[in-house]
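Generate the whole structure from the sequences, applying the supplied hints.
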Amino acid sequence: MGISYQVLMLELAKTDEVQLRVASQIFKIWQQWLSEKFIEKIWNWRIAKAVKAGDLPPAPLDDNGVSEWYKIVILPPPDPFVKDETARDVAGFNLGSVSITQIAHRKSLDNRELLSEKTDDIGVAIELADDLNIKHPGQNITWRDVINSTGPASLSAVQTAADQEVLKEKDDKKEEEEEEEEVKKVVVPKKSIISKLFNRFK
Amino acid sequence: MLKKLPKSIKTKTPVRKRKASGYDGALNSKNRLNRSYVTTYSVDEDNLIGAYQAERLRLEAKDLFRNGIGKACVDRFSTYVVGTGFNIQAKTSDKIWNTKSEKYFQNWGKVADYNKRRTWNEILQTIVRDRLLVGESFFILTLWGQLQPIEAERICTPEPASKFATKKIVAGAEIVKGIIVAWYICDRDKYGVIDKRKYTRIAARDMVHVAATWRWDAVRSLAELSPILDTLRDKSEFTTSTIISAKIAARKSLIVMSDSDMPTTLPARSTDESSSSSGTIQKRTKIIKTNDGEIYYGNPGDKLETLNKKCQQQPTLNLLSLFWER
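Going down the list, the protein sequences come from chains D and Y. Just so you know, the working numbering puts 184 at position 184 of the first sequence, and the rest follows in order with no gaps. Just so you know, the working numbering puts 1002 at position 2 of the second sequence, and the rest follows in order with no gaps.
There's no promise every hint is true.
Part of the chain D face toward chain Y, derived, beta carbon under 8 Å [unchecked claim]:
| # | residue |
| --- | --- |
| 1 | Q31 |
| 2 | W43 |
| 3 | K49 |
| 4 | A50 |
| 5 | D55 |
| 6 | A59 |
| 7 | E68 |
| 8 | P77 |
| 9 | F93 |
| 10 | L95 |
| 11 | W143 |
| 12 | I147 |
With a straight-line Cα cutoff of 30 Å, these simulated DSBU-like cross-link-like pairs (lysine-lysine) come out [stated by the list, open to error]:
| # | chain 1 | residue 1 | chain 2 | residue 2 |
| --- | --- | --- | --- | --- |
| 13 | Y | K1177 | D | K41 |
| 14 | Y | K1110 | D | K49 |
| 15 | D | K28 | Y | K1177 |
| 16 | D | K41 | Y | K1168 |
| 17 | Y | K1095 | D | K28 |
| 18 | D | K28 | Y | K1196 |
| 19 | D | K83 | D | K28 |
| 20 | D | K118 | Y | K1091 |
| 21 | Y | K1163 | D | K37 |
| 22 | D | K71 | Y | K1247 |
| 23 | D | K14 | Y | K1247 |
| 24 | D | K118 | Y | K1103 |
| 25 | D | K37 | Y | K1095 |
| 26 | Y | K1196 | D | K37 |
| 27 | Y | K1103 | D | K37 |
| 28 | D | K118 | Y | K1095 |
| 29 | D | K28 | Y | K1100 |
| 30 | Y | K1091 | D | K14 |
| 31 | D | K107 | Y | K1091 |
| 32 | D | K52 | Y | K1110 |
| 33 | Y | K1116 | D | K52 |
| 34 | D | K107 | Y | K1100 |
| 35 | Y | K1116 | D | K41 |
| 36 | Y | K1071 | D | K107 |
| 37 | Y | K1091 | D | K28 |
| 38 | Y | K1062 | D | K37 |
| 39 | D | K37 | Y | K1247 |
| 40 | Y | K1062 | D | K83 |
Hints were generated in silico from the structure; no laboratory data involved. Every residue gets a Cβ at the ideal spot worked out from N, C-alpha and C, and that includes glycine.
What follows is the structure, given as structure tokens:
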């Protein structure tokens, strides 16, 4: 079967990293086999049948006029033997040797699914930050404060600082505008009274 | 074209010389037996491993799965391969169609099994298990869009052979110019035994054969565990023996020695100074070995002794050693 007895029997204390990697590779090969020999064939057969029966609309055609119904990606389940590689992924991502797609595939997701989860989270964080700012005006809370994953030298920390500057600028502008409006408020009635008087005497 | 060989080349029966092989692997030696012509012949895989041997291999693998170490290995392996399931994503240029087809397939997975016994993930796990224990899986693609699983042993050459003399059928697969065109599925009788006289021919296009052969010409696939069946059996027996040995070693036996009078029907020995007429032997010591959990009601004056260390290490020889020492 190609994998060590200890890995198979989950005697993980007796295994080393090489054994785990080998096991992981063997399972990938079997997953690939299952995908190609069975899942892909069954998808092609069943979806074609559904299109033919009218249960599904016809799949779009490619540039050569051939139906694209067979175009699929089969993502295997997450690997139970891979340790949490977040720290290594951060370094790899900054170097360009690891992509979001690769990270997503390890979790049995594609890049869109992984990133859309993130954007959903950001959306919720923005709403919560806005609520907090209404409750506690002047605190300048951003969504990054809500999703607090910033380290001292990280990109996010720099962004947070930049956010705060932008917010300060916005606040300053607001204050200026408010002052101007107040001045206007004071002047406009006078003007209107003068204009009324002027109009009357005219 | 040369019609006659020149005289110089014409010879009588050629003298055969015994040639030594260039490779050690092709020869027997004092220390090692060359296995070709013992287990291996120069024939194709389906003829080398006939239906009978294939069946024996399957039975042995299944027996190990039921009663031995095989279950732990195979179940765990199939669980790791299938895990929480595969994520299938349509990748056409139309995103709406992709979502629709993915959802359709997900829902279909719930009713994919014609026998209404397994979910989609369970089907996948069974395929992995089948490859390990049986070697292959078969599914009929039904007209109404379900998968009908067929056990591999039901795929076999039907009988009588004379009826199929004009066809090339290899282990239940009808072959035309090297391509499988149909499979023969034999029925089971009411006792579950395969009846080769009752069969159904299914066109290959309506059947999915999930297997992994290692030779180009091989049609059928054997259990992935076949090469290690003996090793697994040994491992299983070794584990059982170790457990039994540990169990026996963990037992504490006690010897109860009693000098009190005891009724016996044994005839007196010539060395005994006893009255044989009374039926009472006065000078013999009664020895009782107790086992775990056994309750023995002793008499006043009984002595308890444990077995010596040597005996404890060889539990099966406990009593023998004891008497030997005495």
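Outcome of the hint check:
1. For Q31(D), the shortest C-beta to C-beta distance to chain Y is roughly 6 Å, which falls under 8 Å, so the interface hint holds.
2. Restraint check, W43(D) versus chain Y: the minimum CB separation of about 6 Å is within 8 Å; hint holds.
3. With a cut of 8 Å, the hint placing K49(D) at the interface with chain Y holds, because the nearest CB-to-CB distance is about 5 Å.
4. Taken as an interface hint, A50(D) checks out: its beta carbon lies about 6 Å from the nearest beta carbon of chain Y, inside 8 Å.
5. Hint status for D55(D): holds, given a least beta-carbon distance of 7 Å to chain Y, under 8 Å.
6. Annotation: interface hint on A59(D) holds; nearest CB of chain Y at approximately 5 Å, less than 8 Å.
7. At about 4 Å, the closest approach between the beta carbon of E68(D) and any beta carbon in chain Y falls short of 8 Å, and the interface hint on this residue holds.
8. For P77(D), the shortest C-beta to C-beta distance to chain Y is roughly 3 Å, which falls under 8 Å, so the interface hint holds.
9. Because the closest C-beta pair between F93(D) and chain Y is about 22 Å apart, greater than 8 Å, the hint is violated.
10. Interface restraint check for L95(D): the shortest CB-CB distance to chain Y comes to about 28 Å, outside 8 Å, so the restraint is violated.
11. Below 8 Å, beta-carbon pairs count as interface contacts, and W143(D) has none with chain Y, the closest being about 27 Å; its hint is therefore violated.
12. Against a cut-off of 8 Å between C-beta atoms, the interface hint on I147(D) is violated, since the closest Cβ of chain Y lies about 25 Å away.
13. At roughly 24 Å between alpha-carbon atoms, K1177(Y) and K41(D) fall within 30 Å of each other, so this suggested pair holds.
14. A distance of roughly 17 Å separates the Cα atoms of K1110(Y) and K49(D); the hinted pair therefore holds under the 30 Å criterion.
15. The straight-line distance between the Cα atoms of K28(D) and K1177(Y) is roughly 34 Å, outside the 30 Å bound, and the hint therefore fails.
16. Between K41(D) and K1168(Y) the CA atoms are separated by roughly 27 Å; this keeps the pair inside 30 Å, and the hint holds.
17. The hinted pair formed by K1095(Y) and K28(D) meets the criterion: a straight-line CA distance of about 28 Å does not exceed 30 Å.
18. This hinted pair does not check out: K28(D) and K1196(Y) have alpha carbons roughly 39 Å apart, beyond 30 Å.
19. Only pairs whose Cα atoms come within 30 Å are accepted, and K83(D) paired with K28(D) is accepted, the gap being roughly 16 Å.
20. At most 30 Å may separate the alpha-carbon atoms for a hinted pair to count; K118(D) and K1091(Y) meet this at roughly 22 Å.
21. Taken as a hint, the K1163(Y) and K37(D) pair is broken in the structure, with Cα atoms around 33 Å apart against an allowance of 30 Å.
22. Taking the CA atoms of K71(D) and K1247(Y), the gap is near 59 Å; set against the 30 Å cutoff, the hint is violated.
23. The hinted pair formed by K14(D) and K1247(Y) meets the criterion: a straight-line CA distance of about 25 Å does not exceed 30 Å.
24. Annotation: proposed proximity of K118(D) to K1103(Y) holds, straight-line Cα distance about 23 Å (limit 30 Å).
25. Between the alpha carbons of K37(D) and K1095(Y) the distance comes to roughly 26 Å, so the proposed pair stays at or under 30 Å and holds.
26. A distance of roughly 28 Å separates the Cα atoms of K1196(Y) and K37(D); the hinted pair therefore holds under the 30 Å criterion.
27. At roughly 22 Å between alpha-carbon atoms, K1103(Y) and K37(D) fall within 30 Å of each other, so this suggested pair holds.
28. Restraint check: the Cα-Cα separation between K118(D) and K1095(Y) comes to about 20 Å, which is no more than 30 Å; the hinted pair holds.
29. With a C-alpha separation of about 28 Å, the suggested pairing of K28(D) with K1100(Y) holds against the 30 Å cut-off.
30. This hinted pair does not check out: K1091(Y) and K14(D) have alpha carbons roughly 42 Å apart, beyond 30 Å.
31. Restraint check for K107(D) and K1091(Y): satisfied, since their Cα atoms lie roughly 19 Å apart, inside the 30 Å limit.
32. Proximity of K52(D) to K1110(Y) is assessed by CA-CA distance (about 21 Å); at most 30 Å being required, the pair is judged to hold.
33. A C-alpha spacing of about 24 Å is found between K1116(Y) and K52(D), which places the hinted pair at or below 30 Å, so the restraint holds.
34. At most 30 Å may separate the alpha-carbon atoms for a hinted pair to count; K107(D) and K1100(Y) meet this at roughly 23 Å.
35. At roughly 21 Å between alpha-carbon atoms, K1116(Y) and K41(D) fall within 30 Å of each other, so this suggested pair holds.
36. Among the hinted pairs, K1071(Y) with K107(D) is consistent with the structure: their alpha-carbon atoms are about 28 Å apart, no more than 30 Å.
37. Note on K1091(Y) and K28(D): the hinted pairing holds, with a Cα-Cα distance of about 22 Å set against a maximum of 30 Å.
38. Pair hint K1062(Y) plus K37(D) holds up; C-alpha atoms about 23 Å apart against a cutoff of 30 Å.
39. For the proposed pair K37(D) and K1247(Y), the alpha carbon gap of about 47 Å is over 30 Å, so the pair is violated.
40. Of the supplied pair hints, the one linking K1062(Y) and K83(D) is violated, its CA atoms being roughly 34 Å apart against a limit of 30 Å.
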